[in-house]
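Starting from the structure of chain A, add chains B and C where the hints point.
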Amino acid sequence: MEAYIGLIPGLPVLSFLMIVFLGRIMSRRAIAIIAVGSVCFSAILTIMAGISFINADSGGTAFTSTLYTWMNAGGFSAGITLKLDALSLVFCFVITFVGALIHLYSVEFMQDDEGFSRFFAYMNLFVASMLVLVLADNLLLLYLGWEGVGLCSYLLIGFWYKDPENNNAARKAFIVTRIGDTFMIIGLFLLFISFGTLDIDTLMQQAPVQWHSGSPLAVISALLLLGGAVGKSAQLPLQTWLPDAMAGPSPVSALIHAATMVTAGVYLIARTHVLFSLAPAVQTLVAIIGAATLLIAGFSALNQHDLKRVLAYSTISQIGYMFLALGVGAWSAAIFHFMIHAFFKALLFLAAGSVILLLHEEHDMHKMGGLRKSMPLVFITFLIGGASLSALPLITAGFYSKDEILWYSWSSVMGEKWLWLAGIAGALITSLYTFRMIFLTFFGELKIEPKHKPGILMGIPLAILAFLSLTGGFIQLPENFGHVHLFSNLLNPLFPDVRFTGEALPEWLFQVISAIIALGGVWLAYHYYYKKRTIPDLFNQHRLNDFFYKGWGFDWLYDRLIVKPVEWVSTINKNDVLDRIYTYIAQSTLFVNRLLSRSQNGRLRLYALVFTAGLVILLTIMLTL
Amino acid sequence: MILVYLILILMAGGVIAWLAGKNNPLLSRSVSLLSVIFDLILVLVIYWQGSEPNGTWITEFSMSWIPAFGIGFHLALDGLSLLLLVLTYFIGILAVLISWREISYRTGFFHFNILWILAGITGVFLSMDLFLFYFFWEVMLIPMYFLIGIWGHENRIYASYKFFIFTQASGLLMFIAIIALYIIHGHNTGLYTFDYQELIGTSMTSGAELLIMGGFLAAFLVKLPVVPFHSWLPDAHTEAPTAGSLILASLMLKTGAYGLLRFVVPLFPHAAEAFAPAGMILGVAGILYGAILAFAQTDLKRLVAYTSVNHMGFIVLGVFAFNEMAYQGVVMQMIAHGISTGALFIISGQLYERLHTRDLRKMGGLWEQVPVMGAIGLVFVMASLGLPGLGNFVAEFLTLTGVFKVNVLYAVLASIGLVIATMYSIRIMQRVFYGKRMADKPMKDLSFRESFALGTMVIVIVYLGFFPQAVINTAKPAILNTLNSSGQFQENNSRKGNYELSEEHLNSSKPTKSKNNAR
Amino acid sequence: MVTISMEIQLLFAGMIFLIGLVGFLVRRNVIFMLLSIEIMLNSAGLAFVIAGSHWMQTDGQVMFIFILTVSAAEVSVGLALILQMYNHFRTLDADSISKLRDKKVI
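For the record, the sequence lines run as chains A, B and C.
All the letters of the first sequence, read from the start, carry residue numbers 1 to 625 under this note's numbering.
All the letters of the second sequence, read from the start, carry residue numbers 1001 to 1519 under this note's numbering.
All the letters of the third sequence, read from the start, carry residue numbers 2001 to 2106 under this note's numbering.
Because the hints were derived from the structure by calculation, they are not lab data.
Check each hint, because a few of them may be wrong.
Only some residues are given here: those of chain A computed to face chain B with a beta carbon under 10 Å [stated by the list, open to error]:
no., residue
1, Met71
2, Gly148
3, Tyr154
4, Phe183
5, Leu188
6, Phe189
7, Ile193
8, Asn573
Glycine residues also receive a C-beta, built at the ideal position from the N, C-alpha and C atoms.
Chain A extracted, bound-state conformation:
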């Protein structure tokens, strides 16, 4: 089995190369088959690997497969080595399975687009890079995947390149994430200098030996890695790129900006959790960032008009929950929420994509309405996804995953009361904006007639993801429900258990509160957006709404603080002030030339005068010396 691990990222790479080189001569059907097929095969291989892994597993064993040594210079060695353990298995499963569904959906979504082959080439390259990222056994290879997904994200956001707005969004995404990446690479340098290797297992073993808890180097390296994670996962303060990234096609948003790339940060922190455990201050910072981000993004989501932008801010917010979980030490809860979130968020994006496509590229929710009857499948799946997002009790998978996080944020040793408070407030806002979205889009009167019903290639992925959004939670039921621990058992060997504080309040209390809050949000949305009651002025102030709409002013701040100064510096120096030195030298030489050439004025008597003067001076010198 181990030999086949290389194929999991390898198949998408092969199909990428095939599409790039042979795409011109292949029919669309062939391209679709190859592209979708490669990801499907990877999914099958992942499932097979997973089964054999679970069967063989007895502790933290992992399948490893080394392809070759990437570089070996000056005492540094890194190989192209893939390692499949429980964590990477979960991620691989999500990436390939959800990825395959999205690829299938895209065949229909992109069927009228002229860049069909280019799209699938980029998508396959993305899947390959993401798989390399999660399967890498050393941080350098992880960085390869990390940057690879960044590249594909850039290419896919700016896929419709004729519109400069799309290109600007792509550029913004790339540069903001690159800032995070720079923090990360400095972290890699630091780790290498301290341990002589970038191999993850070795690092995780050596770190506690060499660094005691709270040592400055541990804190710094954890902070640097956090910087990278924050960039890729669009958390504070680098979250500004994700809403604009909605300029890309909806399958892209589903795959990259919901299910996979943006969760790379979560993966990184989980993977290097030993480091974060050694720097509790940083770990708490992770939780704080998560809590703050989920609130900020939630408020912003509440004020958007664009359907996809609501979902974008929602993604930022949900990843905030994952960070919150990581920050309080609930490692497997975070990963669990990642998986469930991937299901329902991808579903929501794909469904939103159908809506937008079939409503002639209309993005504004206020211009939509009444689609409940005209697009029933989309409506039902969207509703299911939204329900899961809002964590409606008992029936949705989202309830189980989010609830676990909320419980841990209160009761874990590293948890804080107010973190839970932030989480629960976020839950209210989440269900509020989610159902606002649903009511505005699907209820009310029909404003735009959809072109046609979505076809089967769009329908199947929607259905499957909807099913998973409902049932995915059942593999990890809380203590008082049946004590099903499939998921955390899988991940347990990798992560330390969550430690609880002394005062453990009963879990059912939290569940009840969460349920009330979630349903309360639905009721509020129903009240204000379905029944169209006016919202009280306290909550509906124009300037505040505008502030939230613009993402709490971060764009404005960064523009003033960074973008404009950099542009100014580069523009004033466009002609290179240092060049002036040499121009000055050249010009002074010319000046001296002009000065001296006055003595060549062609006049005989002047020459004679100069002779005489020279003679006199020479004689004087000779006679006096």
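For chains B and C alone, coordinates are given in the frame of chain A:
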């Protein structure tokens, strides 16, 4: 003898091309192409024959030339020069290929100039006698002056003058330094010679060493180029014809780096160490300054020219770190930058041939018309910003890690340069291939010849990104020799750092002392 | 005969030279410049004769004949040039002929 042939074939080929060019331009192009291909084959043969390291050199050739002054015709090849020669001939072939249709005025003389530049570069990479080195340094210079001045663009006279004066003046400073070294060595040992092997280990007062090193540095820092001596570069690159820019960027700049590694560090170890902080600051300055300036340009070739300043800053930074990892990064950067920037210049040249403009404001949305060029441009733009999987990343990673060992602050500042590199690289893509269509002439996509040239470069840069080990292994003996003959840089890591690191983990870069010494 | 000391004689020759020099510098008419050159040449010859008489050798006077010859040749060439100058420029003013001056080249 084979080393002499490398030079002779190019020189003879140049003369033949010139003579043939009067009547038959196609013949002169073919002669020129064949000479370079032949040389590439010769070098690859040397590589595959492998080396029996009977010392530090793979091959050596020595003949006395002007014994009265101690000048010998001494050439030698080791891993470093081998890699650079392969790069030289590869780029040389590309230079001839891409100017196949572009140059129709005085073709024979054009190819004469190209071949003599290549011969000069070969000589620079092979010379083991300082006088001979200076001779070839000047041979590189004059044909390039003609190349820019005759076949260049609008502002070519100014650019060629500027290039010439900068390089010549700094070369003369180096010549004075060479003579000073000659005299001091002669005073010390009674043997007046220009031979490199003999001159290593000349003892001089630290003041003298600093000054003489300064002379060498003058030539190499101007060539590299290092801020603030860089201002010849944008004009020379912009105004030169495509082949000229290609050779200038990919090869001539590397002669400066080569000079640092081959001459400055081994001949003046103490002075180099004393200069190192300043050198590293200059490197960082080059990285940041070049990147910011690149971002601001509206002329495509000028933008790419400033990216050269940016990338060469990494080389300067790495050279003054004095450890094996950084040097491996430097060698890799020489090769990877040669390929990636060379390719960007080729693409600019192709755009110019089609659109007759280099102005970014007049381009846009070209992907539709020239998707192949766009895709290849994307690859090299990504290489320029240091995307892993391409050669430049390996280089920058190794260099920065090596520098990080020695000085954390500079490594961090250089990493910030990576973000700015992203900015300018994306700018190229956005302005040229994406966005709204500005020009309205229909454009032809790449011809077979052009895609062949660029395609091989793509293959090489991807190969270097994923399989850098071949290059690393070839360069390793040469690098270890440089570090060894410079004396005390075995355990250099405990020099300045901004904080203390535990000792045992700094031993990871200890180079093994080579058994066969240069003497 | 009153013996005149050599210094006075040489001084005398020097003064004649100076007269010639000043005349050359001051005059604008090329013919007068030529005359002044003649005077300078003659004063040089006088200096030689003085020296010859001091050392009681005839070499001084031999030099004087050389100088006369040289000056004759030079005057003929000079006068020919002056004629050409007059034909071409219609003036004998030395200051007005400056075609060989350095114009701004760069």
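Evaluated hints:
1. Met71: At 5 Å from the nearest chain B Cβ, Met71 of chain A passes the 10 Å test, so the hint holds.
2. Gly148: Where the cut-off is 10 Å and the nearest Cβ of chain B is about 7 Å from Gly148 of chain A, the hint holds.
3. Tyr154: Holds, about 8 Å.
4. Phe183: Cβ of Phe183 of chain A sits 9 Å from chain B, so the hint holds.
5. Leu188: holds, 8 Å
6. Phe189: holds, 4 Å
7. Ile193: holds, 6 Å
8. Asn573: Hint on Asn573 of chain A: holds, closest Cβ of chain B at ~6 Å, below 10 Å.
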